[in-house]
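2 protein chains.
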Amino acid sequence: MTAAATTTPFSATTTTIFSPTTKTKYTLFTFKPTTRKQLTTTLYASRRPSYVPNHISDPNYVRIFDTTLRDGEQSPGATMTTKEKLDIARQLAKLGVDIIEAGFPASSEADLEAVKLIAIEVGNPSGEMGQKVLAGKVAGEVGGEVGLAGNGEGVHVPVICGLARCNKNDIDKAWEAVKYAKYPRIHTFIATSEIHMQYKLKMSKEQVVEKARSMVAYARSLGCNDVEFSPEDAGRSEREFLYEILGEVIKAGATTLNIPDTVGYNWPREFGQLIADIKANTPGIENVIISTHCQNDLGLSTANTLEGAYSGARQLECTINGIGERAGNASLEEVVMTIKCKGELLGGLYTGINTRHIVMASKMVEEYSGLMVQPHKAIVGANAFAHESGIHQDGMLKNRNTYEIMSPEDIGLFRSNESGLTLGKLSGRHALKSKLFELGYDIDGKELNDIFWRFKSVAEMKKVITDDDLVALVSDEVFQPQIFWKFGDVQVTCGSLGLSTATVKLIDSDGKEHIACSVGTGPVDAAYKAVDLIVKAPVKLLEYSMSAVTAGIDAIASTRVVIDAENDQTTTLATGQKVVRTYSGTGASMDIVISSVRAYVGAINKMLGLKKKSN
Amino acid sequence: MTAAATTTPFSATTTTIFSPTTKTKYTLFTFKPTTRKQLTTTLYASRRPSYVPNHISDPNYVRIFDTTLRDGEQSPGATMTTKEKLDIARQLAKLGVDIIEAGFPASSEADLEAVKLIAIEVGNPSGEMGQKVLAGKVAGEVGGEVGLAGNGEGVHVPVICGLARCNKNDIDKAWEAVKYAKYPRIHTFIATSEIHMQYKLKMSKEQVVEKARSMVAYARSLGCNDVEFSPEDAGRSEREFLYEILGEVIKAGATTLNIPDTVGYNWPREFGQLIADIKANTPGIENVIISTHCQNDLGLSTANTLEGAYSGARQLECTINGIGERAGNASLEEVVMTIKCKGELLGGLYTGINTRHIVMASKMVEEYSGLMVQPHKAIVGANAFAHESGIHQDGMLKNRNTYEIMSPEDIGLFRSNESGLTLGKLSGRHALKSKLFELGYDIDGKELNDIFWRFKSVAEMKKVITDDDLVALVSDEVFQPQIFWKFGDVQVTCGSLGLSTATVKLIDSDGKEHIACSVGTGPVDAAYKAVDLIVKAPVKLLEYSMSAVTAGIDAIASTRVVIDAENDQTTTLATGQKVVRTYSGTGASMDIVISSVRAYVGAINKMLGLKKKSN
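Chains as they are written, first to last, in this note's numbering: chain U, -17 to 597; chain G, -17 to 597.
Derived by calculation from the structure, the hints in this document are not laboratory data. Wrong hints could be hidden among the right ones.
Identical copies look the same in the list; a pair holds intra-copy or inter-copy alike.
[As the list claims (entries may be wrong)] Okay, derived cross-link-like pairs now, BS3-like style, lysine-lysine, Cα gap no bigger than 25 Å in a straight line:
1) Lys511 <-> Lys494
2) Lys518 <-> Lys494
3) Lys324 <-> Lys261
4) Lys407 <-> Lys511
5) Lys428 <-> Lys407
Full structure from sequences and hints, please.
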């Protein structure tokens, strides 16, 4: 940062924003239009040159762009809280993702706020953000808390990207959210296929080109030097028109051109040809990065993405576990592991991903999105390395490579029998902390304490505490939203001989106990009705599922529910559709009724948290 | 059949076999080696020419080979009973699958029996089997029941295939199982990659070629005119060696050459090149069919399979829902729908699949295998057509094709609001039967009656009975194994304040009631312990999961459990590994404890059924 930045005269309005992870209140500045450009140029543009690590200039380096928090989060039931998004963004930074698409700021206030926090906390190196906020302070405000920000010492700093349709409001909001990152990016898009232009946009080709050109220029005019443009439904767009519009947006300042197969209709050779044609025919393409974004409707997204890379794309958009609208997106772990295994055949391509963080990222996204992966999911499914499990293995496999193309450790999968520590009921807090660290969780303070007491109570009943048991407890204690209602007690009587009756005790945020009882068609129905009597928020249960986390009849049960609130706020999808937000919650216990109530209370807390924030 | 067949002199030993679906006892004949060849040639070979429907001679016709019942069924926890396999085989015939790999007869007695029944009942046109069994009867036995067999009027008759390693015992067993089909096939395989030959087989190249050549010849010598050969781990085999061994087995009589990417290590261009090279360099290849078999370890199985077809393969091996060992196989629905959507780009390729039966096949395989598909699974996942659901849709989508490349009806997906009938508590048996038929279930007699009463009891408690509710009830009543123990009653008391206690009543096959009670760490633990006290079979609970089948707190809960029996019989995988069989069970109820007990009793019944058969 140059000294000039702090002395430039400008006027600004301030807002404060609270980070649930670092418990820090930030004061943010919205600069008046006339001075904004001058300031942002000084504040951000001067940093851009430093964002070209050596490997990036290597033509064989492939950037990984993760859109789990945008395309993934907008799947039905996958709504995440700001804290959850921050956790995932941090994990993505650990994983070494080059660009994090953190959200679609114009879709809702909550989304804007989440992207902003990710930009501040994950989009900056440790300490540097404090300086930046202070720089603001000098000009706009005196006093207030400035905490530790940034994403930790020595951790890679990803580009933070916000999505925007081709209009000023969307782009303003995206910039408002991402500009606090060290490397901010605006990603804007407009449809270019006949069918979309005619039926959705009701615009002519000329109007679409003009809109794209002017909006890319507008994004640049705000001071954002990293602008990505996507011609939506490129897979079904007329080839010549694509070259034209892409050429125009390059002239207007776009730095990355993303080619989406929006409806997942291409097959690999076809998509590869599309990328090759764009590379060969678009004026100015040599100065920008070509990117892919492949939907999975025919199950071909990973292969299409790889063909894109083979044909010249150097940024690949994907999501953890392949989640996303409909059949989802190319899955990061499949794309990255194929490039790792077959990079040579792909022309020497490589990525900057630290694959050992894949399993933890996968589990975290499963937890927070509520979208479970199937047992036979490639790389991260429960059966993917099942022949390794020892149960189903005799001495016939003399060499591990006979049926294994990568080792579980490559993706960060360690098994109980491989890690040294075994926990029992006499294990102390330190052993628990070490074990959790081994499993990829860096947990301390009150959270460690809470898990420790839960662990103790389980250890009283079970002889062996497995890694999976611990993961379930972490999920129940740590991966939880802000608490409005806390689980107290539950007691039920049920069965085929009579009506189920449940009594529930919840504790509110002031520590006051509330008790209610209800009858229902089953124990969960009865207990949930009792919770409703206490919470008094109109809620509809959309999904309910449960699984035992380990084998054995005394296993911990993990429950997941998805609810929506009647008349709740909506959010806007990239497709232009408005959707009602839904909230998921998880709970774990050795008793399925308790675990069900914990999950339900968790989902209600998540809903109340988001509701409160958007008011 | 020629008259000669019934008059040929031979001696034979007979065995009887009972079909749980048609309730028919068949008498089967094992002919003595010296006369077997002569007979089978007359009985089966004479039929072969009729198995070349016109489209098959079209070079653009792609055969679909389904291995759900072999590769899929050998996944952890996916064990199916004979009745379940028959149901699936019938559905595959409806779907128009060209070849059904019905099992691996040498792996266990139960598998051999299942393949045999599928050969008889699904591998023959309606009525004809009666004739065949009668033909046998003339020579070997007088009297006994001969029922209606074959797979129904006007239904396509698939080839029935059995897997065998390259040894006489495996091939004998495969032939013993498939020879009753109108179009029987033996599929034999041996590994050809350096790593497999060296570490698994401990054989030289010359030995491997000799083994393959002689065993294909042996299969032909039994009278099997349709022999498929697979060089296992072809994806990692030396190219020149592949041409050599494939050329040799063609000379020995192989009619289909299947090229497996056993460890899922190829990427599409690489696998396509492998197929193209084999096509260009293998002597005699023009007289046989090339086939693909792609594992999904990198998430590329569908794309690899399509590239195989593009490069000349005319048989594609796949499974419903893509299930299979580790990350599974190419998924039939993805391969077929891509060929349907993009056949023209693939050079005019097409299949004989009736895609409208895909959804039912997918649901049936999910039910029976216990391998759930993820919500974002392409084609058949719950979210695959989610933007169509009406809940998440506003008026913005003026044209359905903007975000949809195929219609849900194409794969047999109909929604409540689309189908005419709505059921309520006053609906009669006939309305229920019509509705179930609409959903793809052709149910009658006692099964219809049982579902009707379950339907009535649910209708008493729920205002609207959705399609999903009905599917859950069908799954609970119809998709159930033979009954040894029947659910009677359960009553539990549980909660966070004290130990859970359950009382369970089961009814044995003689109608006698058994009651037991137990305490446990939760209601399910307590109830399962009470069941164990009654059943007295050593069982270990491996997996437990539950989900609500519809939104709303009064939804039906569907539970699935997987158990194994201590010291139970094992089966042999194609990899040579021995695995312990595991059994899944499902149950549905509005009370999660009842649904849990039903599922557990179902799994125990499945286990007892298979145990009994193998004794």
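So, going through the hints one by one against the coordinates:
no. : hint              : result
1   : Lys511 <-> Lys494 : within (20 Å within a copy, 38 Å between copies)
2   : Lys518 <-> Lys494 : within (16 Å within a copy, 48 Å between copies)
3   : Lys324 <-> Lys261 : both (23 Å within a copy, 24 Å between copies)
4   : Lys407 <-> Lys511 : between (36 Å within a copy, 24 Å between copies)
5   : Lys428 <-> Lys407 : within (20 Å within a copy, 53 Å between copies)
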